[in-house]
Amino acid sequence: MSVSAIVAEGLVKRYGDVTALDGVSFEVARGEVFGLLGPNGAGKTTTIKILTGLTKPTAGRAYVAGFDVVREAAEVKKRVGWVASEVIVDDELTAWENLEIQARLVGVGGWRERAAELLKYFGLLEAAGRPVGKFSTGMRKRLEVAMALLHGPEVLFMDEPTVGLDVGARVGLWEVVRQINRDFGVTVLLTTHYMEEAEELCRRVAIINRGRVVAVGSPDELKARYGVDVVELEVEGPVDAAALSAFGEVAIRDGVVVVKTHGAEEKLAEIVKAVNGVKSVRVKKASLDTVFINLTGASIEGEQVDVRKLYMRVRWARR
Amino acid sequence: MIAQTYALYKREVLKLFRSRYMWLMLVAQPLMWIVFFGNSLAGLPRGFLAQYFGVENYLAYILPGMISISMMSTGMFASMSLVFDKRVGYLKRVLTTPTPKSAVLLAKAAGAMTRGLLMVPIILAAGAALGVGYRVNPASLAAWLLALVLAGVGFASLFTLLTVNTADVHAPGVISNFITMPLMFTSTALFPRDFFPQWLKAISEVNPLTYVTELGRDALVYGAPPDPSALLYTAIFAAATLSMGVAAVEAKLTAD
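So the protein sequences, as listed, match chains A and B.
Numbering follows our numbering, in which position 218 of the first sequence is assigned residue number 245; successive positions increment by one, without gaps.
Numbering follows our numbering, in which position 76 of the second sequence is assigned residue number 523; successive positions increment by one, without gaps.
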């Protein structure tokens, strides 16, 4: 038994030769919104599948709501809700029927009141009698969340909850996550590869790469530890790089001086003083994006170069 | 377990009743059998029919056979529906709830059985419209209906257990073909046993379709009392396939 909502201890999952998880450990406190961040294929979904009892770990242990996910899977399943990355609802049935079937599967007494409450809460009450296939993606997602909350779960798993949503629906769903965490006291574990989403929602995040947790902490902690602020100065005339290197790594190209540093706001005045002929100054604060790229080695630029090469090759081939 | 089986069964039935194509198939398939196959032997001499088939009208003879075949082949929809649920992810939704895997099988089998039973009145009404006179024995009728339920669940379990570990949409059709074709022609659903060579007779005697069909003929065509051993055999078949299905599903069924 444990007071934490989720405990993962050295989870390993192998599919044949492929190691999806290579010793994942983390802990989520009750009432927390926790994010699992990682590139595609890092093992986020596999972790959720183990924690919801959909698959068994090859090695390691995990406890959800105080129960062992392998030996007490039925107890775990009574206490968790699950929202898939792909919206999984039955399109041929109405919202109400989807809720009814879910309620009977999880065994909710008095589900009608609860379902009506949730439909109202998510603004779906008027659409309750319509087939879900005619809903917008945002509405279907809200229905899916409502279904996951029917039995008042202690822990809610959301696998890439805003994939495929437009900006409005995404912000709406963020609000929903904050509300259910606040109003129902539900612990939320969500996976995402949107840094912005993790910063908006999560008190703490774990960055996961190639089946391992490479960093855990609050977004601010991670930024302080692994992130870097960038100061860009547009200058006229020569620059004394040696004087600047006291602040951090310096690079100069085409009249632009780039200084990588920590706590850029405090140092900015001194940095500007150390350089002659500053025309303009730009400060880019550390973001989870930079942390993520530092830790996972993923490079968005690298991918763009590949795409350009590929495109040129395709054009060449067409001639 | 019961609540969850009910919930999933309700889903099957709701989806079934909402599909226009399902209704089209329910009505069109038996009619095609009756019109094309039922008339293929219309020219047989009356005396020959009476002697070997025990009827004056070949259509009367094959109606119970067609119903048995329909109960068997609709079993495929249980396995198709399960593969479909894997493909769209719905099975993940189900398996993240405390639902036992065997409830999934039971609901699918019951859904397919329901689909098969819906064809029964349609076939019988079409037969009556084409001049088949029924000689009903109430006890046999009850036994036959029970046998249809058992056969429906049994075949659905059999098809499902054979495709339990695949998400390949082609699997249910292929597997069911391997089973329905041989069973159809090695039973007495279409032709009487008297014409069969010895080896075919032997197969027809262990073929559950034979027993379901004969119960139907007693109930509707011959007006004879039911054969308890035929009902028992059908029950054993259903119990065996269902328990193998439960074991297979509990051991092998995964969400995707």
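Quick caveat, the hints were computed from the structure, so don't treat them as lab data.
Mixed in with the good hints, there may be bad ones.
Stated by the list, open to error - With a straight-line Cα cutoff of 25 Å, these simulated DSS-like cross-link-like pairs (lysine-lysine) come out:
1) A:83 x B:457
2) B:548 x B:699
3) A:336 x B:548
4) A:83 x B:462
5) A:336 x A:312
6) B:699 x A:161
7) A:105 x B:648
8) B:548 x A:161
9) A:161 x B:533
10) A:105 x B:699
11) A:287 x A:311
12) A:336 x A:306
13) B:648 x A:312
As the list claims (entries may be wrong) - Facing chain A, according to a computed beta carbon distance under 10 Å, are these residues of chain B, among others:
14) 450
15) 470
16) 471
17) 473
18) 493
19) 541
20) 543
21) 640
22) 642
23) 645
24) 648
25) 695
26) 699
27) 701
Note that CB positions come from ideal geometry on N, CA and C, so glycine has one too.
How the hints compare with the structure:
| no. | hint | result |
| --- | --- | --- |
| 1 | A:83 x B:457 | violated (30 Å) |
| 2 | B:548 x B:699 | holds (10 Å) |
| 3 | A:336 x B:548 | violated (49 Å) |
| 4 | A:83 x B:462 | violated (32 Å) |
| 5 | A:336 x A:312 | violated (31 Å) |
| 6 | B:699 x A:161 | violated (35 Å) |
| 7 | A:105 x B:648 | violated (53 Å) |
| 8 | B:548 x A:161 | violated (30 Å) |
| 9 | A:161 x B:533 | holds (22 Å) |
| 10 | A:105 x B:699 | holds (22 Å) |
| 11 | A:287 x A:311 | holds (10 Å) |
| 12 | A:336 x A:306 | violated (36 Å) |
| 13 | B:648 x A:312 | violated (84 Å) |
| 14 | 450 | holds (5 Å) |
| 15 | 470 | violated (14 Å) |
| 16 | 471 | violated (16 Å) |
| 17 | 473 | violated (17 Å) |
| 18 | 493 | violated (50 Å) |
| 19 | 541 | holds (6 Å) |
| 20 | 543 | holds (4 Å) |
| 21 | 640 | violated (44 Å) |
| 22 | 642 | violated (46 Å) |
| 23 | 645 | violated (49 Å) |
| 24 | 648 | violated (46 Å) |
| 25 | 695 | violated (18 Å) |
| 26 | 699 | violated (13 Å) |
| 27 | 701 | holds (7 Å) |
Hint check: violations occur at hints 1, 3, 4, 5, 6, 7, 8, 12, 13, 15, 16, 17, 18, 21, 22, 23, 24, 25, 26; the rest are consistent with the structure.
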